[in-house]
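Residue numbers (the numbering used here), protein chains in the order written: chain A, 1 to 131; chain H, 1 to 131; chain S, 1 to 131.
Please keep in mind that the hints were generated in silico from the structure rather than gathered at the bench. Just so you know, not all the hints are guaranteed correct.
Since copy identity is lost for identical chains, a pair holds within one copy or between any two.
[As the list claims (entries may be wrong)] DSS-like, lysine-lysine: derived pairs with alpha carbons at most 27 Å apart:
no., residue 1, residue 2
1, Lys9, Lys71
2, Lys2, Lys130
3, Lys26, Lys71
4, Lys130, Lys26
5, Lys71, Lys59
6, Lys26, Lys2
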Amino acid sequence: MKRIRIITKQKQEYIDITEIIRDYAKEEFKDSSGIVTLFVPHTTSGVFINEGYDNDVVKDINKVLNRIVEKIPFDHIEGNSDAHSKSVLTGNSIQVIVENGELMLGRWQSIFFAEFDGPRERELWIKAIKD
Amino acid sequence: MKRIRIITKQKQEYIDITEIIRDYAKEEFKDSSGIVTLFVPHTTSGVFINEGYDNDVVKDINKVLNRIVEKIPFDHIEGNSDAHSKSVLTGNSIQVIVENGELMLGRWQSIFFAEFDGPRERELWIKAIKD
Amino acid sequence: MKRIRIITKQKQEYIDITEIIRDYAKEEFKDSSGIVTLFVPHTTSGVFINEGYDNDVVKDINKVLNRIVEKIPFDHIEGNSDAHSKSVLTGNSIQVIVENGELMLGRWQSIFFAEFDGPRERELWIKAIKD
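Model the full structure from these sequences, guided by the hints.
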């Protein structure tokens with residue numbers, strides 16, 4: 001298992017980690033194939049795949065997530081239940097196929113680490129399962 | 001990795017792909033066991049598992065997803081941020097257990113490929129990891 | 001594949017199953033490493049990871065899910081499309097990394113089985129994939 005360190009600077013932030021994962025896959029798999037699992041060990045963060053070409057897409061996804069938690073009378077005393085809920089809705093683990101060392105993503109896909117209650121020092125855990 | 005071609009005909013469409021995945025598992029695993037990963041390489045599509053017996057269930061899930069993105073002032077110039085957001089909320093990869101070549105699903109479960117910005121020509125990528 | 005039996009007693013219930021999964025990982029992996037896949041074979045249940053320390057977090061997540069499905073005119077005759085939708089939004093499978101028999105979770109993370117249309121007798125399916 002490999003740990004990647006991620007520093008977020010804003011309250012809500014989406015960081016494109018595609019190249020980090022692509023490099024990991026090349027180094028770890030070389031010419032072999034399998035699956036990479038990405039796991040977020042935090043409860044106010046998430047990881048998901050979507051369009052990374054136009055930055056407005058991620059901003060729009062953020063608007064949707066903000067709308068979902070708007071004006072809900074939360075009980076949790078730390079005041080960040082909006083962030084916990086967004087973490088559940090986006091999910092905290094994904095799998096990506098690797099073929100001959102190449103991370104298999106669609107043309108418009110990027111992998112995003114999302115922090116919903118930053119700024120924070122975070123980790124992303126990566127695990128390779130080979131054929 | 002196997003690529004399956006999926007043609008959608010409507011703007012929003014949910015296609016039951018259970019039998020395709022079941023056949024793939026039988027052929028690929030034979031008498032062996034493991035995990036099948038399904039991966040959608042598009043950013044306005046998703047894949048999920050839910051009831052496939054009464055078609056109204058999927059129509060109702062579609063109503064929920066439409067409500068979530070209703071009247072949000074999106075910035076993305078292509079005008080399909082509703083579809084990108086739904087893709088993130090449903091997710092674009094799932095895992096299903098295979099035992100002795102049999103795809104292990106609950107009695108009422110079907111696997112759906114969802115397109116939120118069709119009609120489109122799409123692919124679903126499948127990867128088998130054996131014990 | 002191992003089947004775990006879960007009995008829910010309320011309409012909506014979140015059961016912390018972390019220790020069950022931790023024990024399973026220790027027994028199944030011993031000193032080896034890999035990935036554990038958890039799969040819910042039901043269509044009104046889900047499985048997710050979030051904070052398990054303050055019980056208010058899960059209650060707040062429940063509020064968010066209830067708000068999402070509020071006042072939607074559902075068609076499905078059984079009247080539980082709210083629960084089907086919540087199952088899709090939380091997801092019905094997750095992966096957790098195992099290192100030397102230890103289930104790798106972040107400090108505040110717990111694994112929850114969620115039933116959205118109980119009370120019910122349920123199962124959770126677990127599958128180990130070793131390195």
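Status of lysine 71 relative to lysine 26 across identical chains (alpha carbons, at most 27 Å): neither (45 Å within a copy, 43 Å between copies)
For lysine 130 and lysine 26, with the copy left unspecified, which applies at a CA distance of at most 27 Å: within, between, both, or neither? both (13 Å within a copy, 21 Å between copies)
How do lysine 2 and lysine 130 come out at 27 Å by Cα distance, when the copy is not named: within, between, both, or neither? both (15 Å within a copy, 16 Å between copies)
At most 27 Å between alpha carbons: which applies to lysine 71 and lysine 59, within, between, both or neither? Classified as both; 20 Å inside a copy, 15 Å across copies.
As a check of your reading, is lysine 26 near lysine 2 (CA-CA no more than 27 Å) within one copy, between copies, both or neither? The answer is both: 14 Å in one copy and 20 Å across copies each meet 27 Å.
As a check of your reading, is lysine 9 near lysine 71 (CA-CA no more than 27 Å) within one copy, between copies, both or neither? within (25 Å within a copy, 30 Å between copies)
When the structure is compared with the earlier hints, a violation turns up for hint 3 alone.
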